[in-house]
Amino acid sequence: MTDALIQGVLLGGYYALIAAGLSFMFSVMRIINLAHGSLAVVAAFALFVLADRFGISPFLGLVMVLPLMAVLGWLLQRFILERATRAGALVPILATFGLSIVIDNLLFQQFGANTRSLAPYIGDLSYDSWQITDDISVGKLAVLTFAAAVALLGAIQLFLSFTQLGRAVRATSEDGDTAGLVGIDARRVNAIATAIALVSAGLAGLALGTRATFDAYAGGPQLLFAFEAAVIGGAGSVWGTLFGGIILALGQSFGAQIAPQGFLIGGHVVFFIVLFARLFIPGSTFRGRLMTALRGKPA
Amino acid sequence: MRSLAVDHLDVRHGQLQAVRDISFSVEPGQTLALVGANGAGKTTLLRAIAGAHLPKAGRVLLDGGDITHVPAHARVARGIALVPEGRRLFGSMTVEENLLLGRTSGRAGNWTVDRVLETFPNLKPRFRARAGTLSGGEQQATAIGRALMSNPDILLLDEVSLGLSPLVVERVYLSLSALITTGVTIILVEQELGRAMSVADKVICMLEGHVVLESAVQALSREAVTDAYFGLRGRDKPHAVIEATP
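So the sequences go chain by chain: F and L.
Number 92 in numbering that gives the first Met the number 0 belongs to position 93 of the first sequence; there are no gaps in the numbering.
Number 1 in numbering that gives the first Met the number 0 belongs to position 2 of the second sequence; there are no gaps in the numbering.
The reader is advised that the hints may include incorrect statements.
[What the hints assert, rightly or not] According to the in silico footprint, chain F covers these stretches of chain L (three or more CB under 8 Å from chain F):
1) 48–59
2) 66–76
3) 90–99
4) 102–115
Quick caveat, the hints were computed from the structure, so don't treat them as lab data.
For glycine and all other residues, C-beta sits at the position ideal for the given N, C-alpha and C.
Looking at chain L on its own, in the form it has when it is part of the complex (with noise of 0.2 Å):
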């Protein structure tokens, strides 16, 4: 069980500042959920944790251990897994072969291709098959998979829903809450407000690469998370947290 936190975080795509001096924690087992609008700095503040983009200032802390600039690949191995955004799948690989290249780390846990498709029953029939003629539903189940292979204390997710069924949805839901059982620190990023509240335990809701609203579900109330999400509240004062009121 790991704790994760980010610590007055500056991420830029090149002239355009995507995360601004952000600063949270995730507490061992937590489940975070991150939202926002698109554009809102989401998926790159969760790539600069995954080590995907090097931060412009700020740290990632890991156990309290600065992570900053570790490598990415050194971070799945040190326990953090990204299933990332459209899933990025190695299209001419199997099945079997993205969730086998979940172990590169060689991290000890218990997760195998037997618990992955006993968690994701629908890739038992299409476990030969090439990666790129999977659907939408089999593909996230095999990112989610693929991560899990690497045996993570924490799993960052993002947009996990994003244009899946909500047939399939749903399922890569049921699986999520059977996953947060588990005991895994989890971070998701999700637009679908619902879905993320369903599951989570802390939300925060993010607006033009600042956090505008930071608080535990069951003191949130829906029109806060949605006023948040739409900037109609903390858009005047952005570096400030505002205080949820349930």
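Isolated chain F (complex conformation) (with noise of 0.2 Å):
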């Protein structure tokens, strides 16, 4: 049960780290942004080119891959995201979807069917662990992912309350039209987020290649990890997703101790029992904020 608990909490880390800028692209733009487990994968298979043809460790390799993600970040706002918005709520819902699918056929046709894997290029690390009892240790990989989502959330929240910068994204996030009267530029702000989000997700391409295999369809099962997380964490909220995640890992860990299978379904239990929760309980602000992302923005 100790364990199940400790790998759960530290699981939830990976899934924060993922689902960290699902849940802040939602939160500045209300774009939910169905191609960020594509993406989160184009960061692994990036960094897996990198260790493989060039030797270059997957850490180093960061070095390069996060400004690329920041730069199609700012791309992909700028070009189709921002274009998208304009034609109404639903369709950035839409072009992320068709985003996905033409990431994943992309990687296909790049990389074929096979699975891949960062392990073999960061040595010891990826089965390293710490004995903390006879019967419980803690992989050393999977406590620097939990760290590593910490860093990122605290960094984020540093960013928005400290930064003229991060006042300007969270003033945009409340009232765009506002923003641009007290001289917020919201086109380059919602840029920066999204550059922002990618690099997030080019940190959890990092963690999933590191602690599992991935391949070019590998896109979507991360992307449900990532949205659960953030429903359950609150959409928007920059701790509540890491509460989300560990939530999630905990159902699924605990799910798994019921029944080999029960790992996906205890995890799909709980974000239902939270969705439901947060849609029918009145005043709830994540219903304020679905309802708005799928209306448009308010009057």
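Hey, can you piece these two chains together into the complex? The hints should help.
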């Protein structure tokens, strides 16, 4: 039981890492980016190519991949999401859904159906662990992933609270029209927010590739976990994302204790319980935000 | 010190034409009061000047340069700041954060957080409070302070007395009088004629999207403005500006 609890909490760090960008984009732009998982897989493949062909450690590869993800995020916002948003509230969802299919198939075309992993390129870290008691040990990689999630969410929190750009992001999220009237360029802010979201997807790509295997179509399941963690955590709440990831992972972890196939089912059950509670409890901020996202900006 | 002019401006809200063929200018350091009944088009006109509404026709000119298609955020950088109707503060953010947002444009000037707090001392004890928890007067002071933090040359004030108690309105207008002495150009939308005329150099009265009266305050009687306000004069020839008689 204690082991399931610890492993669940640590796995929650990975889910928080992949949900952070999805939640951030939703909170700032009210866009549900259905390509988020596929974009994390793009980063994983980029790190794989750097490691496999050029012998660059995946951790060092981040120095190259994360700026590329930021540029990709900027371009995604300027050339796809911005135009899609003008066409209606639901169009960005369709656009990102289409983008995920394009990305998955381009990855399939380039890399085929074989599964890949970054584990062979990080040495002992992929399997090393700390022995806590005779029955419990914690993986160093899992702890590192959890620490990375906390660091990322902490950095986002500090950025939003203590920088002028962060305040501009919050203002644009709260009232984009008024933000313009105080001198904030909402287009620039949204592009920066998307760049930040894709940088976090890049980090999630590293975590995915080092802790498991991935293939061209791995984006879908990752999106599902990210979405579930974001919704459980309150979609848009910085630390709620970590909380959501941990709750989802605990659901999976305890589900697996009941039956081996209970891992995924346990997570989905927790997700649906929280989702229905959030949707049907009057005055829920999540409900309000979701309705706003689906209907468009409030008058 | 900047001058502002609008030239044959038409602004629509969907099918409704809210502002019809309006032209006027404001000289540097002047205070212009835009008065008129509800629905006259004052707020729409002010928002068009601030860049929040794109006009259907006509031009907005800053120092003679056409800024009609300049987006709102870039107009703030050029020295035009709007205090919107209803204050429109960022309610989840503190007073301090709202004020600091006013500095986004990076315009140089004398306005700092400390100076805003000196101008509106009622904000000092509420500095770290969320804007959504403020009283109406505190919210209005924060909204004006936020606009001032952008160091504007032209300040657009929309219904600053709306929903405030007479005592609070008195305080806000005292602060406005102090602001006027700093030389900032002000366009003030106000329904309360007496208040507007007490601080303005020039008055424009709007009715159903048209200007029905335009005059210097000293050449104007309260009765003339009241007549124009209620459409007792100027309605029959809405495209003409009625000359005021003292």
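A quick look at each hint next to the structure:
With 3 residues having a beta carbon nearer than 8 Å to a beta carbon of chain F, the stretch 48–59 of chain L meets the requirement of three or more and the stated coverage holds. With 6 residues having a Cβ less than 8 Å from any Cβ of chain F, the stretch 66–76 of chain L passes the three-residue criterion, so the hint holds. Taking a C-beta to C-beta cut-off of 8 Å, the stretch 90–99 of chain L contributes 5 residues in contact with chain F, enough for the three needed, and the coverage statement holds. Counting residues of the stretch 102–115 of chain L whose CB falls under 8 Å from any CB of chain F gives 3; the rule of at least 3 is met.
Hint check: no violations occur; every hint is consistent with the structure.
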